[in-house]
Amino acid sequence: MCLGIPGQIVEIASAEKKLAIADVSGVRREVNVACIAGDAPLEDLIGTWTLIHVGFAMSRINEEEAAKTMEVLKMLGEAQEEIEAMRASQQAMERVS
Amino acid sequence: MKYADEFRDPAAARALLARIAKVTDEIGATKEKPVHIMEICGGHTHAIFRYGLDKLTPDGLEFIHGPGCPVCVLPMSRVDECVELAERPEVIFTTFGDAMRVPGTRKSLLQAKADGADVRMVYSPLDALELARRNPDREVVFFGLGFETTTPSTALSIQQAAAENLTNFSVFCNHITVPPPIKVLLDDPHMVLDGFVGPGHVSMVIGIEPYRFIARDYGKPIVVAGFEPIDLLQSVLMVLEQLRDGRAEVENQYSRVVPDSGNPVSIAACEDVYEPRPSFEWRGLGEIDSSGLRIRRKYAAYDAEEKFGVGYGQGAARFVPEPEGCACGDVMTGRLKPRQCPQFGTGCTPEMPLGALMVSSEGACAAYYQYGGLDLEPAE
Ligand code: SF4
Chain A
1 MCLGIPGQIV EIASAEKKLA IADVSGVRRE VNVACIAGDA PLEDLIGTWT LIHVGFAMSR
61 INEEEAAKTM EVLKMLGEAQ EEIEAMRASQ QAMERVS
Chain B
1 MKYADEFRDP AAARALLARI AKVTDEIGAT KEKPVHIMEI CGGHTHAIFR YGLDKLTPDG
61 LEFIHGPGCP VCVLPMSRVD ECVELAERPE VIFTTFGDAM RVPGTRKSLL QAKADGADVR
121 MVYSPLDALE LARRNPDREV VFFGLGFETT TPSTALSIQQ AAAENLTNFS VFCNHITVPP
181 PIKVLLDDPH MVLDGFVGPG HVSMVIGIEP YRFIARDYGK PIVVAGFEPI DLLQSVLMVL
241 EQLRDGRAEV ENQYSRVVPD SGNPVSIAAC EDVYEPRPSF EWRGLGEIDS SGLRIRRKYA
301 AYDAEEKFGV GYGQGAARFV PEPEGCACGD VMTGRLKPRQ CPQFGTGCTP EMPLGALMVS
361 SEGACAAYYQ YGGLDLEPAE
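Chains A and B, in that order, give the protein sequences. 97 is the number that our numbering gives the last residue of the first sequence; the numbers go up by one with no jumps. 380 is the number that our numbering gives the last residue of the second sequence; the numbers go up by one with no jumps.
The shape of chain A in the complex, shown without the other chains (with noise of 0.2 Å):
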């Protein structure tokens, strides 16, 4: 959760929600952009490399940064959790009550 894992941002879901679709290590997931958007428009965003944390990107950083950041999370354990929690939240959200 406090680490964080990089991703890399291909598509915008909502501008106004300020949405994003961002790709970690293949997974793609939902992020919000509002911490790294300023003030150019959201398309700007895409091909950006971030750092995201629960679901928000927090920095922005550069690809070699992102290769880095991955492989020490990858031999924390760190990014097979995170890409799990992923996968696991949307099934939880998918359930019905």
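The set of hints was computed from the structure by calculation and includes no laboratory data. Any given hint could be a false lead.
Some chain B residues well away from chain A (every beta-carbon gap over 10 Å; in silico) [claimed, not checked]:
(1) Pro-10
(2) Arg-19
(3) Gly-43
(4) Asp-80
(5) Phe-96
(6) Ser-108
(7) Glu-130
(8) Met-191
(9) Val-192
(10) Arg-247
(11) Arg-256
(12) Ala-269
(13) Asp-289
With a straight-line cut-off of 30 Å between C-alpha atoms, the simulated DSBU-like cross-links for lysine-lysine are [what the hints assert, rightly or not]:
(14) B:Lys-307 - A:Lys-17
(15) B:Lys-298 - A:Lys-17
(16) B:Lys-55 - A:Lys-68
Because the structure is a prediction, the values reported are computed rather than measured. Heads up, the beta-carbon is just placed ideally off N, CA and C, and yes, glycines get one too.
We have chain A; now place chain B with the ligand onto it with these hints.
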């Protein structure tokens, strides 16, 4: 060697280790009279053990593991309140997975779920919001947990809920802040701390200014650090050099991610949504002034404490003592090493945690347990 070789750049790691050894010597620190550096963040604790940095660095340098794992410092009374909320029939209780196994007085959230409560592990508060949209006849409560790194995500989610007028979403807010417990540790006359490695991702949000008091009022160095082992070694070296030179400054080793002034959007969202609580309880450390955040009145409709009448200020104050034989408080303040706790590895394991430091991989005891048994060789 095994560990230095695992580094992306073993030569750089060796060079840094050599400089660390030299400066430790210059300070005159020895195994008997070591210099104590606290890494505040649980992520750093995990990385130090994973890469064996405590073994690679000289005997004259001792790491003290700080209170920076939000799951580990969550008081038992708050876990009890989570269970209470989760057991309400109308509630879908949403939480990060890390919090599921934290023991409460009666049960953990995991046990509550097994007993039939609708507890769902979510990756993000965004997913809790989505659950509220999809289940208009249920009450979705999100367990807001974490330091400054996750605090803005909960704030932005509350703002979003308000913008959509979602009436069945609320947050059980347990967000906490890093600087107040550091002040408590520094004020503790038994605490022997010479300097700090600061949490990088917290500073990514709040910047480095909030640590100024550590240098200015207490004369201790602090270096905000990244998470790669090289970052950590570099930061430790920067702390040691300050000590050798008699300086006490706030330095930023992780400037490629941490702007000195933090993230303005995050800061503004937090300012809008939260205010400090007069005090908040930390497991192992007790009540600490202004260390927790609560939701401001204007967002009371999204505050689970208001909505369901639980938590601080609701009914009698509840203090739940730590379980018998648990030494979490002493470990968290650096008085004991995890191994010195009588419960370590017997009454307390990651599968069956007694104390909170064993629950999360960022807790000092869990990190010791996971990596402590490895046969480590020192670097050359
Ligand atoms: S071994 Fe368990 S009870 Fe003992 S200090 Fe660690 S977490 Fe607490």
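Right, here's what the structure says about each hint:
1. No Cβ of chain A approaches the Cβ of Pro-10 of chain B within 10 Å, the least distance being about 14 Å, so the stated non-interface status holds.
2. The non-interface label for Arg-19 of chain B is consistent with chain A: the shortest C-beta to C-beta separation is roughly 21 Å, beyond 10 Å.
3. Its beta-carbon lying about 5 Å from the closest one in chain A, Gly-43 of chain B breaks the requirement of being farther than 10 Å from that chain.
4. The beta carbon of Asp-80 of chain B is kept farther than 10 Å from every beta carbon of chain A, the shortest such distance being approximately 21 Å.
5. Once the 10 Å rule is applied to beta carbons, Phe-96 of chain B is inconsistent with being away from chain A; the minimum gap is 5 Å.
6. With a minimum CB-CB distance of about 17 Å to chain A, Ser-108 of chain B clears the 10 Å threshold, and the non-interface call stands.
7. Non-interface call for Glu-130 of chain B relative to chain A: violated, since the shortest CB-CB distance, roughly 6 Å, does not exceed 10 Å.
8. Here Met-191 of chain B stays apart from chain A, with its beta-carbon at least about 23 Å from theirs, past the 10 Å limit.
9. The non-interface label for Val-192 of chain B is consistent with chain A: the shortest C-beta to C-beta separation is roughly 26 Å, beyond 10 Å.
10. Consistency note on Arg-247 of chain B: stated as away from chain A, and its beta-carbon is indeed over 10 Å from all of that chain's, at 28 Å minimum.
11. The beta carbon of Arg-256 of chain B is not kept farther than 10 Å from every beta carbon of chain A, the shortest such distance being approximately 6 Å.
12. In this structure Ala-269 of chain B is not separated from chain A by more than 10 Å, as the shortest Cβ-Cβ distance comes to only about 8 Å.
13. No beta-carbon of chain A is positioned within 10 Å of the beta-carbon of Asp-289 of chain B; the least distance is around 23 Å.
14. Only pairs whose Cα atoms come within 30 Å are accepted, and Lys-307 of chain B paired with Lys-17 of chain A is accepted, the gap being roughly 26 Å.
15. A hinted pair counts as satisfied when its Cα atoms are at most 30 Å apart, and Lys-298 of chain B with Lys-17 of chain A qualifies at roughly 21 Å.
16. Between the alpha carbons of Lys-55 of chain B and Lys-68 of chain A the distance comes to roughly 23 Å, so the proposed pair stays at or under 30 Å and holds.
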